[in-house]
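Colleague: Given next are the chains, with one letter for each unit.
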Amino acid sequence: MSRKILLNSYKSSAALRLCSTLSHISTNIDSTGCAVISMNKAPVNSLNLEMLLDLKKNLNAALENKCKGVILTSDLKSVFSGGLDILEMYKPQEERLKEFWSSLQDIGLLLYGFKIPVIAAINGHSPAGGCYLSLTTDYRIMVQKYSIGLNETKLGIVAPFWFREPMINTIGYRQAELALELGTLFTTEDALKIGLVDEMVPDKATAIDNAKKKILEFSVIPKQAFQMTKLEMRRPVIEKLLNNREADLNQFVSFCTSPEVQKSLEFYLETLKKKK
Amino acid sequence: MSRKILLNSYKSSAALRLCSTLSHISTNIDSTGCAVISMNKAPVNSLNLEMLLDLKKNLNAALENKCKGVILTSDLKSVFSGGLDILEMYKPQEERLKEFWSSLQDIGLLLYGFKIPVIAAINGHSPAGGCYLSLTTDYRIMVQKYSIGLNETKLGIVAPFWFREPMINTIGYRQAELALELGTLFTTEDALKIGLVDEMVPDKATAIDNAKKKILEFSVIPKQAFQMTKLEMRRPVIEKLLNNREADLNQFVSFCTSPEVQKSLEFYLETLKKKK
Amino acid sequence: MSRKILLNSYKSSAALRLCSTLSHISTNIDSTGCAVISMNKAPVNSLNLEMLLDLKKNLNAALENKCKGVILTSDLKSVFSGGLDILEMYKPQEERLKEFWSSLQDIGLLLYGFKIPVIAAINGHSPAGGCYLSLTTDYRIMVQKYSIGLNETKLGIVAPFWFREPMINTIGYRQAELALELGTLFTTEDALKIGLVDEMVPDKATAIDNAKKKILEFSVIPKQAFQMTKLEMRRPVIEKLLNNREADLNQFVSFCTSPEVQKSLEFYLETLKKKK
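Chains as they are written, first to last, in our numbering: chain A, 1 to 276; chain B, 1001 to 1276; chain C, 2001 to 2276.
Here chain A stands alone, though its shape is the one from the complex:
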């Protein structure tokens, strides 16, 4: 009883002229109006430019379809999202690097102030940008025995303030400080203890079920009151990013292209190769 919207790869975007691709994200809207947005880009749902544009397209489609709420999840077996695609940052072409980061800012702004409830059904590992995606939602349900955290420092990079502040908002300043400094990845169980996720479940099916129940709980609240309350809570971070997009972009580009960071990324990529 569900209509499936498979959003095709887009044709006219300037960004996509650089690197066209088949869509790796699909949206299923069930009969109650819950949109399940599933990322499916093996091996780890890494967030490159196309993936970010695709995610934005799916999120906006959920709004246009007047969905009750969105469930963000993964079609992969053991990974929610591995975070930003390192290949976007390693030896980058500046134009594309800027477009990549700007699209990430778009996703952050769109999701953190999303007008309908978004629930993360975290059905696999969720480091760095994967953790960030979940931090922008209204509620996090995570399957047991995976890991989650903002582990950027371990790769020699630094999470921007709009990753950091939702992390502080979610687990408190002290836990965030320590976790960000050490690049900690938490098990689902530890994430639950410190409030990084709201629920721990045994499997993906339960995660999706509970996420749908949560959306129904949210949908009882008059829309305007929900939206204003959510926006008022999140306005400081949203406004700070809106007012500093350009500076944040330049800072990222300059930091990312520094020899020290490029060396860290090279080292990390070589480690990944050896693992294969």
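Keep in mind that a hint or two might mislead.
Derived DSS-like pairs: lysine-lysine, alpha-carbon spacing no greater than 30 angstroms straight-line [claimed, not checked]:
| no. | chain 1 | residue 1 | chain 2 | residue 2 |
| --- | --- | --- | --- | --- |
| 1 | A | Lys240 | C | Lys2115 |
| 2 | B | Lys1213 | B | Lys1077 |
| 3 | B | Lys1274 | A | Lys223 |
| 4 | B | Lys1213 | C | Lys2193 |
Hints were generated in silico from the structure; no laboratory data involved.
Note that the structure is a prediction, hence the values are computed from the model and not measured.
Go by the hints and put chains B and C onto chain A.
Modeller: Then chains B and C, alone, in the frame of chain A:
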């Protein structure tokens, strides 16, 4: 061994020309200098304009009497305070609506920066404005098996920033975000777990006893040091409200009189009627 | 296998012309590059001007020696640090009082933004300024059965914002508010529960061992990423102090020399004398 001050209805206030009333709040000052301010306006101690002016009068009297501290409680059986009087907001007369909200701002400013310790002895349900009253105090003792929370969104309205920020200060950002978005009412037990109240007790007598002990604990601290520390902690919220009283008032009036909110309030009032 | 640096009393500082002294702080750097900075000024490691200058010297030496990290601890049996030396504040000479507070600001700025990890091995009581020292570090390990807290109000004084905000950052707003208002000293066990310390250990040897392990954990993180992440987290407090040093100094001097505070300090000093 206690002098009873029954504050009579006031005679000269412009506000009261609109709607004179007998006082529903009484103050008892015991031999140790603890003032017990009791709300007694059946059925639910709803906070209308007169109630707010009366509360202000009683609070100022406690200061003038050089009391050691104040205990804020209810004379009703199962309700601390049901919060703002919906009738002040439903089909309002603009002048009175403004006076009502302005008086609520007065109470917020007075209580959040109160120069002597205030303890809430929450001996019954405490939704919305009732919860807010308790959030402005220095310590919350709640009788078991009641409910408390800022459930404004459930009525289609939005708690102002000076309700929201003390809530964030008390239970942390994440718990506050979720509770405000969903309009959650917590049981005493859950409120204790998330830190919304500081103590859970079996009955009102114990609440009052423990509140008196707490006031004695506070009164050991040199006054100036207590006042400066409290003020420094709470200055951001107090200054923000002082600097934005007019804007906050206009925003409330415009929001409250919008068709969408009036419809929500009408729906809520009809639900209440059906319950009777 | 450790080189011992005993920093001698300094000779040229203007401050020290006022009150020259042998150094009460020593630094041991072990073969792994961990610097153990030990305070040893009986009876309570009280922080007077010379002690603060000495601490600054030892901290900077650790940086110059390119240490991996610093462990801050005490050579006394049951006291980490008793905090600020009351004698600096009681019937003070204004010039020295200013130099004293300014040196404390220096230590605060240096430690809160320290470029290498600092671990507090809190091997004894740690009230007021002693607690503050530990709050500026990256990780707190405390030996059981001692006490810690910002108990300034009990002495009639008020912790400045740059003591207060790290306290809020560490244990959250509500716990900080209550603890600061009441001047609460927590047992090690309670401090662990509210997050004021990160670990509880049975003795100093274990504290030092665990601190060294923690430094190794930190040292895996690429330096630039660690430093930027730490600085970004702590920037608001650091910048606020940098931008308000003069005002903060003047406020302290005026507050400290007020009759009410002098009377509180006199009362406190007499209590101490009677205890002997």
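Colleague: State for each hint whether it applies.
Modeller: Hints versus structure:
1. A/Lys240 to C/Lys2115: holds (27 angstroms)
2. B/Lys1213 to B/Lys1077: Within the cut-off at roughly 23 angstroms; holds.
3. B/Lys1274 to A/Lys223: Answer holds: B/Lys1274 to A/Lys223 is near 24 angstroms, not above 30 angstroms.
4. B/Lys1213 to C/Lys2193: Cα-Cα ~24 angstroms, so holds.
The structure meets every hint from the earlier list without exception.
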